[in-house]
Structures are given as C-alpha cells and as structure tokens.
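There are 4 protein chains.
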Amino acid sequence: MSDLRIAVLGVGVMGADHVARITSRISGARVSVVNDYVTEKAEQLAAAIPDCRAVADPLDAIAGDDVDAVLLASPGAAHEKQLLACLEHRKPVMCEKPLTTDVSTSLEIVRREAELGRSLIQVGFMRRFDDEYMRLKMLLDGGELGRPLVMHCVHRNPNVPSYFDSSLIVKDSLVHEVDVTRFLFGEEIAAVQIIKPASNPGAPEGVIDPQIAIMKTVSGKHVDVELFVTTGVAYEVRTEVVGEHGSAMIGLDVGMIRKSSPGVWGGTITPGFRERFGRAYDTEIQRWVDAVRGGAATGKYIDGPTAWDGYAAAAVCAAGVESLETGRPVDVRLAERP
Amino acid sequence: MSDLRIAVLGVGVMGADHVARITSRISGARVSVVNDYVTEKAEQLAAAIPDCRAVADPLDAIAGDDVDAVLLASPGAAHEKQLLACLEHRKPVMCEKPLTTDVSTSLEIVRREAELGRSLIQVGFMRRFDDEYMRLKMLLDGGELGRPLVMHCVHRNPNVPSYFDSSLIVKDSLVHEVDVTRFLFGEEIAAVQIIKPASNPGAPEGVIDPQIAIMKTVSGKHVDVELFVTTGVAYEVRTEVVGEHGSAMIGLDVGMIRKSSPGVWGGTITPGFRERFGRAYDTEIQRWVDAVRGGAATGKYIDGPTAWDGYAAAAVCAAGVESLETGRPVDVRLAERP
Amino acid sequence: MSDLRIAVLGVGVMGADHVARITSRISGARVSVVNDYVTEKAEQLAAAIPDCRAVADPLDAIAGDDVDAVLLASPGAAHEKQLLACLEHRKPVMCEKPLTTDVSTSLEIVRREAELGRSLIQVGFMRRFDDEYMRLKMLLDGGELGRPLVMHCVHRNPNVPSYFDSSLIVKDSLVHEVDVTRFLFGEEIAAVQIIKPASNPGAPEGVIDPQIAIMKTVSGKHVDVELFVTTGVAYEVRTEVVGEHGSAMIGLDVGMIRKSSPGVWGGTITPGFRERFGRAYDTEIQRWVDAVRGGAATGKYIDGPTAWDGYAAAAVCAAGVESLETGRPVDVRLAERP
Amino acid sequence: MSDLRIAVLGVGVMGADHVARITSRISGARVSVVNDYVTEKAEQLAAAIPDCRAVADPLDAIAGDDVDAVLLASPGAAHEKQLLACLEHRKPVMCEKPLTTDVSTSLEIVRREAELGRSLIQVGFMRRFDDEYMRLKMLLDGGELGRPLVMHCVHRNPNVPSYFDSSLIVKDSLVHEVDVTRFLFGEEIAAVQIIKPASNPGAPEGVIDPQIAIMKTVSGKHVDVELFVTTGVAYEVRTEVVGEHGSAMIGLDVGMIRKSSPGVWGGTITPGFRERFGRAYDTEIQRWVDAVRGGAATGKYIDGPTAWDGYAAAAVCAAGVESLETGRPVDVRLAERP
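Protein chains in written order, with UniProt numbering: chain A, 1 to 338; chain B, 1 to 338; chain C, 1 to 338; chain D, 1 to 338.
With the rest of the complex left out, here is chain A:
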C-alpha cells in the first residue's frame, strides 16, 4: 500500500514538529503539502522534503489531488473554515485543539460531520495516547479501583507566552483536564467553577494565576484541578483517581503509584525485556535504518555498537565462563584492534 499523503496546515512550532514526526518517525505516511500564512516558512520546509510542495492557500492544500488527509496545526481561528473544507472534500483531518474557537461553531462542525455519516475529524487531545494515561484508563476499566469517585489534577507550567491571559488558562490548559475527565470517567461534565486564590506575585499584571477549577460530572463525580502556569519550576501534569477500592496517581516522575491493597503502595515492575526495552528496539532500528539509507553519503552504515563491541563482549564472557569454572579472576586479553 502506498504512503498516505498528508497536507500540514500551519507550520509553527507544533506543525513543524508534526512535519518532522511524519517524515522521520511515522510508518506509512509522508508530507505532500505544507501551508503557512508565512509563505517563506512553508517553502523552506517543503524544499527539504522529497515530493513535497508549499501552497499559499490552505483551501488549495485541502483540495489537492496529492492530499489524502489533512493535519490542522493552524491558529484556532482558522479551524472552522478549514474543517468545513475538509468535510466538503471528504478528507480525513487531524485537528489540533481547539476544534473551533467557540461553542456554537464547534457544534455546527459536529452536525455537518454527522450529516456525512462518516468519522472524518479527529481532535488532538494527545494525552489519550500517553503511556501513563493509557495505563490509568486500563486500570480503571479493569475495575481494580472500583467505581471512580474523585479526581485530583495538577497542571503546572514554568511560564507562559506573554499573550496569555486569565481566560486562556481555562481554554488552553484546563481543556486538557476536561478531556482527561471525559476520557477516564466516560461521561460528560455537568458543572464547572473557577476559584481564584490570591495570585502569584510573579504572575504577569492582570493574570489570575493560580486558578482552581472544580468540575462535577453528570453522575456526581468530583474533579478538582490546580492550574498554575507561572511556577518557574517545570512542566508538571499530575492526575490522581480515587475510587471505591483504591487510588492511583500518575505524573509524579516515578511512574504510576497505586494504592489498592490494604496497607500497600507501589507500582508495577516490567514483566519482561520486551516491555522494558521495546522502545529501545524501535529507536535502535529506526536509527540503523536512517544510517544505512544515508550510508552511501557518509560511508558509515551503522549507528550503534560495532563488530568490535561484539568481539569485546565475547572475550569478556569467555573469561567469565572460565571464572565460573575455576572460581578465580580471569584476565581478559583482547587482540589489537584492526
């Protein structure tokens, strides 16, 4: 099957990341079109990618014959029009949050897609694909914690761009916990309240920070979220679910910590080498593939341990086996390296 040809609209930080991702780490896809309102940025990027062109008008990109699917990383204000165009051309689209910038246009998009009878739009709530959130979801669905009752979230940024204001903390930060709540609890949110504590003296003039959001789901589950975007420390995202039979916390820099047996806290040890080193194998093979593909130019067809490393390991292990038999320290004598 040939590669999926993707148009990336908007190549700022996020969009450029996606272009790099699709080009070098994603299997079965390539970027065929890029677009940005800064035309030169799109052109530069396109020039560096085989068989990729820059177009000036995002609607031309969406309509392009060489475009099978669209990735929207354009500013939120542009989403409505671009999503409608995608629907019109029946092009699948991955849309970075927000769907659109207000509720009524978001609902309109939902209705138009429903009329088509086809699922074409995916929204970029990436936490659902994070290992820890996926494990927490599995834990909840598996029932070990019983019915979930309460969730505590922390969402801290070291700092934010200068254009951030109080409402963006809700729309840009809290939105992730909104989706996490809906994802983990599988139900809608019925009410929300924002509490405004005394502000951080280090927050920009006029920005209310921290904020505390209290949410209640339709079945009465409680969720609280600390939103604090000028901590100066680090990016900290933490979620703790408290259920009938125990609690579990992710995001504390130590993997998931569960408390669900009487008197015991802890996490999970990887059961085997495939779980422990699966990612390492992916990285190893991707880097090797890249090195081999670039080998004609560099004269080096590897990016990792050499045959000499294999030989040296063999020599040490042979000495080890000898020591296993004799019980004595055994010297390792390596040949001169060719």
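No lab work stands behind these hints: they were computed from the structure. Heads up, none of these hints are tricks.
With a straight-line Cα cutoff of 30 Å, these simulated DSS-like cross-link-like pairs (lysine-lysine) come out:
(1) A:Lys81 with B:Lys300
(2) C:Lys300 with D:Lys81
(3) B:Lys196 with D:Lys196
(4) B:Lys81 with A:Lys300
(5) A:Lys196 with C:Lys196
(6) D:Lys171 with C:Lys300
(7) A:Lys137 with B:Lys300
Knowing the structure of chain A, use the given hints to seat chains B, C and D on it.
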C-alpha cells in the same frame, strides 16, 4: 528516497518482533524478504506483508537484488556464515547478539570488515538506545558526577527457558552488562571473576543461580553485577554509577535518581510538554495514519477523540470562562448528540 | 528536679496510650492519678503503676495535691467542665481535641484563661509535632518556596467506627487540616465550603463520604481537602503546599518531596549518622535501661548485641584489614563460643 | 522504682549525646557520674545536671556507690580495662563499638563475662534498633522473601576526619555491615575480601577509597559492600536483601521498597493514626512536660497549640458543618482575640 528493503533472517520471537516493528512503526524501511529454517513460518509471515517474499536459503536472501540491508535474528551459531556473506555482498547488517558464538570467529569477523574499510556490521545491544541508559550516558559525559569509579548492576529475570545453564547466565545475561560497562565507561574490561553464592533452592537442578560477577576495567574501575534469573518476581535491570561527585541510579521503576548535590536526592522533571508528551504525539499520529489508511475498509477515518469531544471540551471551557468572570458555579448544557 | 505528677482523665484507647507513653518513654514525668467513668478500668491501670491512684471523680483528680498537671483524654462533652476546673486550680492541662464541643463554650474557655494571664491550656493537635510537618513548616518559614499560595490535602481512613456520621467527618477529620492550615500558613481561615460528590457505595447508609472541603484564608490562600474515611486501604494523610517558587509534598510514604529548582524533584538525604540514627540511639538506650532495671529479676542486663557480637565483628574486621593489605580473600576463624 | 543511675565514661561528641539523651528523653534513668580525660569537660557537664558528679578516674566512676550501670563512650583503647572493671564490680555496661581494639582481647572479655554466668555487656551496634533495619529483620524472619541469598550494602560518608586511613574504613565503617550481616542472616561470616578500585581523586593522599568488601557467610550467602567515605554528598546507608522469593531495600530515602509479588514493587502504608503519628505524640507530650516543669520560671505552661487554636478550629468546623447542610460556602467569623 525509496524505502530501505530489509531481509529478516530468523523469525522466531525476536525476528517476528522486528518484522512487525519495521512494517508498522519504522519510517523509511520495509521488509522485502523473510527467511527461517521453519519454512512455513517465513511463508506465512511474507504472505501478510505487501511486496515481501520468503526464501528458503538465508544466503539467497542476503544476495537478493531486492535486499538493501539484512537483519540477523537467526540462532547465534548461524551468524558467522551469514555475516561473512553480508560482508561479501557489501550489505549492511544489524546482527542480534552474539556476534558469533566464540571469541576467535568474532575477531575474524572484525578483521574481515576492517579489510573492507567500511562499517557494515551493527550489533544489537539495544540498551544503548534505551532512554534511561542514554540519559545516564549523557549525565556521565556531562561531568556532573565527576570521574566514574564504581558501578553496581542488578540483572534479574523471573525465570528462564529450560535449556538455560550456568554458563548461559554469563553469555546471555552478563553480556548486556559487559556492553553497558564498555558503553558508559568508554574503556575495555581487564578482568572478570564469577562468585558463586549458595544457590537459590528454586533454581533448576545444576544451575548456579544467583551468580555475582566482579569486573575491573583497564583503568581500575570496579563493576559488580548480581545475576539472578529465577527470582519469580519480574524483569529487573538496574544500574548505579558512583562517581567522584555523586551517584545516579536507573531501573528502580522511578526514573533516574541522582545524588550529586550535598544533601539532596532526586530526579528530573520534564521541562515542557514536548518532552513530556512527545511519545504520545508519535503514537497519536501513527494510529491516526493507520486508521485513515484503513478507512476505506472500515468507514472510520479516526482512532481517537472525535469532533464531539472537541465540542464538549469547548462547552466546558466556555462555562469555565463564565465562572472565572462571575465566581459562581456554571452549569454546562450540551446539545443533543447528533 | 522531681518528676511532674500527671493526672490522666479518660483512659480509653487514647488515654491509655498516653499513660503508657508517660510511664515508659517520657523523661521527667509520671502518672500519679487516673480517672475514667468506667471505674474498674482506672483501678486496673493504677494498680500497675508505682505511686498511682485511681479516683472516681475527675474534679477530685484535678484538685489533687499529688497532681501537678492534667491530661484530658475524656469525651469531648466533658471537656468544658474539666477545663474550667483546671483553670480554677491553676493546673496546666493538655487537652485532646476538641477543646469543647461547640464554638461559644470554646470561646468562653479562651476568655477565662486570658483573664488569668497565664498560658495553661494546650490542645492536642499532634501533627505540629510530626517530623514531616515540622520539616514542611521549616521549609515554608525558610522561604525556599516563596509565599505559599495553595494547599492540597488528602485525609483517608480505611474505615471508621459505626457511630461516625457525615458531620463527624468535618468535626473529627477535617479539624486536623484546619489546624494544619492555621499552623503552616499562620493565618485564620475566612470561609469554608463542603462539596458532596457522589458517595462511595461502600460507605455506611446515610454517611456522605467522600467529602471535599474548600477553605479560603483571610489573605486569600486556597486550601482543598479530600476527606474519605471508608477507603478500605490505609490511613493516608498527605499535604502539598504550592508556593511562588516551588512545591513540597509530605505523606506520600517516601519522605518529603520538593520541587523548587527548575527541572528537579527530590528529597533530602540525611547529612550524617546522628540525623540518620538518632532515633535508633534513643531506642537502644531506652531498651538497655529497661533491661538493666529488670535485670535482677531476669538475670539478663542487656537487650541487644552481646560481647560475642563485638568479638565476632572484630575478627571479621581484622580479616578485612589483612585482605586490604594482601588483596586476597581471608578466612575468618572464630574461637569456640564460651 | 527509682531511676537507674548511670556513669557515662567519655563525653566527646558521642558521650555528650548520650548524656543529653538520658537526661531529657529516656524514661527511668539519670546520669549520676560523668568522666572524661579532659577533666573540665566532665565537670562542666556534671554541673548542669541535678545530682551528678564528675570523677577524674574512670575506675572510680565504675566502682561508685551511686552508679548502677555504665555507658562506655571512651576511646576504644580504654575499653578493655574499663570493661574488666565493670565485670569485676558486676556493673551492667553499654559499650560503644569497638568492644576492644583487637581480636584477642575481645575474646578475653567474652570469656570473662561467660565465667560470671551473667549477661552484663551490651555493644553499641545501634542499627539493630533502627526502624528500617527492624522492619527488614521482621520481613526476613516472617519468610516473605524466602531464604536470603545475597545482600548488597552501600556505606557512604560525605567526608571523614583527617586521621582516617584505609584500615579505619574497614574497622570503623565496614564493622556496621559486619554486624548487620550477622544480625539479618543470623550466622557467622566465613571469609572476607577487600577489592581496591581506582581511588577517588578527591580522597586524601594515601587513603584507598572507595573500597569494595566481599563477604561470604558460613552457609555460603554472598554480601557485598561499597565503602566510600569521601563522596562529598551525604551520609547514605543502604541495604538490599535478595531472597528466594523477592527482595527488599532500605535506606533509599523512600522507606522500605519490597519486590516480592510477581510484577509489583512498593512499600507499606501506615495502617492507622497511632502508627503514623505515634512519634509525634511522644514529642508532643515530652515537650509539654518540659514546658510545664519550666513553667514557674517562664510563666508559660504550654509548648504547642493554644486554647485559641482550639477555638478557631471549632469555629471553622462549625462553618463546615453548616456548609455540609446548605451546600454553600460559609464565612467564618471569629471573636476578637482576648
């Protein structure tokens, strides 16, 4: 640039993993040939992959016109002959450990490759590509711990296959710590000793387990390794490096723990969302690409949050912004889902 | 100086604990009088303690010539009368919480004591004396976290006595976080709200559990508390303070965890053996003193390592020093044990 | 029963700590005699303690009519003579390590005590009284880990006094792990080897540091110890026992970490408030007793939360109960503080 065409020799557990990896997660490569001494296994696998054929003779695979590079996951005893064939055909090769099954043939392979004046052979010590080992390597190279002096390793398996014997614990398990030592310290190992404590009553008859390996590098650094392959608990791989100015440990299920400032222990918090959720984005986009490519068949072009999820989040955030202004709880009223 | 003679009023679980504490672990004090409304319980206890008598009327105990100070572990409803009697007799009193069972009588007690111009009443909020809370207080007072802004608390019990009702969760559990807030922030609480999520199906009929308390201090600091007293898991008390320049959490079973440098999380390593083993020395000496005092009866004047342990350690160390010189393993040969 | 009267011989850092401990934290004992070869130090100390005298000759102290028991914190070289005097006078003695400075005199002491048929000498291996070591001992004796097989120890100091040499690392540091081994495994050590890695460039001239000790018990259990006394970081003492059915580690600043169920790591949560806050209660009552005893002088009979604190807590809880009923935030109105 067209995809790298890879022949995978040996499609047991490890080889089949590599086939799946290259086919679905690696960018810029595809499996064009598979081989196994169990012919049917190779044929079944080949049938499921576009443009892939099974061949009965590994040397034919290596020589194939449709093969740019070779991945050796065949039994160790087959490596020597297959590696020599790769060198002869100037095919880059990723060779799962061991390089060969004894020291002299390993050295012979090193010499043959050196004569070609080209780096064609990479050995599959995958730990060098593991996030934690890479961070430990960076920490050491950055000098924060000063000169390394001592390393403690633990290598525990819950159990091992029935054919495992005492010397395989050295050749198959210790070999990883041998490479880790050489990788992290950047020098050769000068001597090795195996200590045999009283054995685990639960170990198979005749197998000496646990074993303690003591290694000394050429500059006098000390490395000790607990090898214990019948713990019944889990797969635990732990490495602690002790340097002039501090120590760091990985593999304790809690990320890397450093002690290098007077009186402080701790780890690193991710600085931003790209570091924290980079992998999640990769997973998100790969799964979306796979869903879109399969969409014609399934009628569903997404594998993740829907437009409705985007709308619901917008509605909650709008209520949040209203609460931010009024200070009151605000009900969220969703339209009926189309 | 002679020992302080204490009357303990109420010898249920809490009071009996205090009697044992004063008798066997506290320096400079002894229990001279015990009282309980179950007369036999007090008499049994008194019989086991040298120079201690049981009295039937708590007011007699307070007035006693052989009583220098009073410890109130009686039911809360008895406190008002007993505290007034202590004030009248100018006897210092340690009063387990609550001070009294309602606000107006509590205020009356405060006023009466103030009229005396003497600090006689201490209230038993024991968390102020807990190592972790003391360290958190020091951290806040030291300024490392900057001005505190927000506090998150968790207060979980595996289960509660059958007489517990919804309001006791506030009066008996939340009261500790109320004091912790006032202690750590050094200011009064201005408003409080109890949120009632959907209840734990496992909670007793009619008991609202969990509850979420939201408190606001006079300067606007936000405090939230999860109160959940039927978790079935364990006793978990957790407090996280978030300040201008970082956050610190205690109660997570792993000592205090701080995040106050950019990008780093961690805790504190004990600087020396006195900090690390100070408690162990206390225990060692107390147990030795107890053994020596009981030695005439038992014929054994020690409760710990013997002279033989000292000899055996000397023999191993001597072998170690020999190995240090020779580099070889040295056998340890012990004499026959007399 | 009257207090045990103790003579403390040697009042350097360790001895002075013991004097303070016995005087202010130990129940049922007091210091009646102090001795030091620096006479003024002993005299100063004695002057500050009720009913305590300084004596110039340690043997006079041991023989004293006002001495029931002896605590030896004198230099190791003085121990032999002082221990013999204690035995002669049948005085129980707590002897800080070492028992004596060489193996033969240690054995002689053991034999003399055995001839008396009485246990009079306890040796100050304080780790046996440390909470974590006691829990590890209980875990081992309880059988959860199965038969112990291997132990890994780390013994790190930030720095050592200038008189420290290579052999003191064995005699003064390793000696603790020697006792820990004998305590936890309950058997003697059969052989010991010291490995000397390349030394820390920061170690004093001529001092071999780090050192690695390898010990083997009579039943063949393996123990390794990293001794590193010039780390510049902190005091770190870590012990990991690996058994047939799991492993447990203490000293990693996070309580005890166990791995003994397949796939799970973790520690223990305190089951209830008495376990969690037992120490806090001790501290609370001791400080209250001390304040009351000093009250006549200071006019303050408390050292902790006041009646006002009790009143304020009552007021907040009353508001909480009101909010529990109404569901609304309730303001807290405190009376003016008298």
